[in-house]
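Turn these sequences into a full structure, and let the hints guide you.
Just so you know, the sequences run in chain order A and B. Be aware that the first sequence starts at -14, since it is given in this note's numbering, and climbs by one per residue. Be aware that the second sequence starts at 41, since it is given in this note's numbering, and climbs by one per residue.
Heads up, some of the hints might be wrong.
What the hints assert, rightly or not - One side of the interface only, derived from the structure: several residues of chain A facing chain B at Cβ under 7 Å:
1. Lys28
2. Ala41
3. Leu42
Said to hold, decoys possible - For lysine-lysine, the following DSSO-like pairs were computed, each having C-alpha atoms within a straight-line distance of at most 30 Å:
4. A/Lys26 with A/Lys(-9)
5. A/Lys26 with B/Lys247
6. A/Lys28 with A/Lys10
7. B/Lys247 with A/Lys28
8. A/Lys23 with A/Lys2
9. B/Lys126 with A/Lys28
10. A/Lys(-9) with A/Lys10
11. A/Lys23 with A/Lys10
12. B/Lys247 with B/Lys131
If you are wondering where the hints come from, they were derived from the structure by calculation, not from laboratory data. All values derive from a computational prediction rather than experimental measurement. Cβ atoms here follow ideal geometry from the backbone N, Cα and C, with glycine treated the same way.
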Amino acid sequence: MSRDVKINLDLLLVQRKMSLTDLSKTVGITMANLSILKQGKAKAIRFTTLVALCEALDCQPGDIIQLEPDSVEG
Amino acid sequence: MALDKHTLLTRLKQSPSLVLIIIAIIAITGIMTQISWSSVSLAPLIIGSILGILDAVLIAFLFHRMSKSNIPATSDDGLPPINGRKNRLTKIVKNYLNGIWFVMVVFTLLLPIITAITSIDYYEGDGTWGVDINPLLAFQIDMNQLIDIDATTEGIRDGVITGKTALALDTGSVRAWYLFMGMMEISLLVSIYIISQMRALFHSLDKGHYFTNGNCSRLQKMGIALLAYFIAAPFLQYFGGKLILQDISVVASGINITPAFELAGDGLLLGVCLLILSGVCREATAMYEDQIGTV
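As structure tokens, then:
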């Protein structure tokens, strides 16, 4: 069973006291695409997008993307 | 992939109209085979009934096809259209298919009525009744046996001319007329089905929805319909021609007309190509879905 990838954009935005609109303007990604990413609906993320986000949020890729822990099956 | 057995069965389960058409083709081909091997007195009645049933199926099918849900207003999968330059040729083909579809629907609906009205004269007439039919038949003319009527040949080594073609016959046999119209009805049925699919496909393309699962399904359905028809068509033509020739005989030494069995390789190839293309389309749709979901 595949594990889910969690996007920590919400948390990072709160920590950086930044709005989604500001981030959109800084990295040059549309609000629609950022929303898709934030909601975890994106199927993939380009390296360029990831680099732009990391630079704007001053973080590492691992801070944005996180692998969800395995769910315990009983 | 395109020729996967499971996918084909799933597609057939999802398309009752396609299943109906295939059943109709198999049924009429089978019945013609049976009739040609047995006594033939019931043929007009059976063929007439089949024609009527086919027409009823066709009307139900056309109503289903004409419903707006079968012509996509938006993408079938909810995917956004590809924003490219509008292709004028697509619009021209779409409009052309609309016209062709309409003409064929009207003609197909009228065909059984024309058949019935034309044959009324036969039953009430004075024996001078006749209609033109063009069945595909094979012929052989042996010029060597036509010497008595001053036949001469030059440049033909063995003096024999053979071929397969749609022979124009003015027949007084109502059964031959029914058979010919029955075969024509099947061809029209398949043609309308394929044109309906093509019409929906080009409506979708015209709106910029290139890679959708709906379009892939349409290609697959067209492929299955073409294969089913072109596998059945030679048998249909052969046994139909055999039946027609039981009522129409050309007795002359040196001239021989027989039923024609001709496998339409091009049609079969086209059917297989469409099935393969539908598989390619599915791969492309999956890639497009991935691309749309990439941020």
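Each hint tested on the structure:
For A/Lys28, the suggested interface contact is upheld, since its CB lies about 3 Å from the closest CB of chain B, less than 7 Å. Nearest Cβ of chain B to the Cβ of A/Ala41: about 14 Å, over the 7 Å cut. The hint is violated. Evaluation of the A/Leu42 hint against chain B yields a violated restraint, the C-beta minimum of about 15 Å exceeding 7 Å. Between the alpha carbons of A/Lys26 and A/Lys(-9) the distance comes to roughly 10 Å, so the proposed pair stays at or under 30 Å and holds.
About 25 Å separates the Cα atoms of A/Lys26 and B/Lys247, which keeps this hinted pair within 30 Å; it holds. In summary, the hint linking A/Lys28 to A/Lys10 is supported, as the alpha carbons are separated by about 22 Å, within the 30 Å threshold. Only pairs whose Cα atoms come within 30 Å are accepted, and B/Lys247 paired with A/Lys28 is accepted, the gap being roughly 25 Å. Distance restraint check for A/Lys23 and A/Lys2: the Cα-Cα separation of roughly 16 Å lies within the 30 Å cut-off, and the hinted pair is therefore satisfied.
This hinted pair checks out: B/Lys126 and A/Lys28 have alpha carbons roughly 28 Å apart, not beyond 30 Å. Pair hint A/Lys(-9) plus A/Lys10 holds up; C-alpha atoms about 23 Å apart against a cutoff of 30 Å. Distance restraint check for A/Lys23 and A/Lys10: the Cα-Cα separation of roughly 16 Å lies within the 30 Å cut-off, and the hinted pair is therefore satisfied. For the given pair, B/Lys247 sits about 9 Å from B/Lys131 by alpha-carbon distance, which is consistent with the 30 Å threshold.
Hints 2 and 3, counting from the list given before, are not met by this structure.
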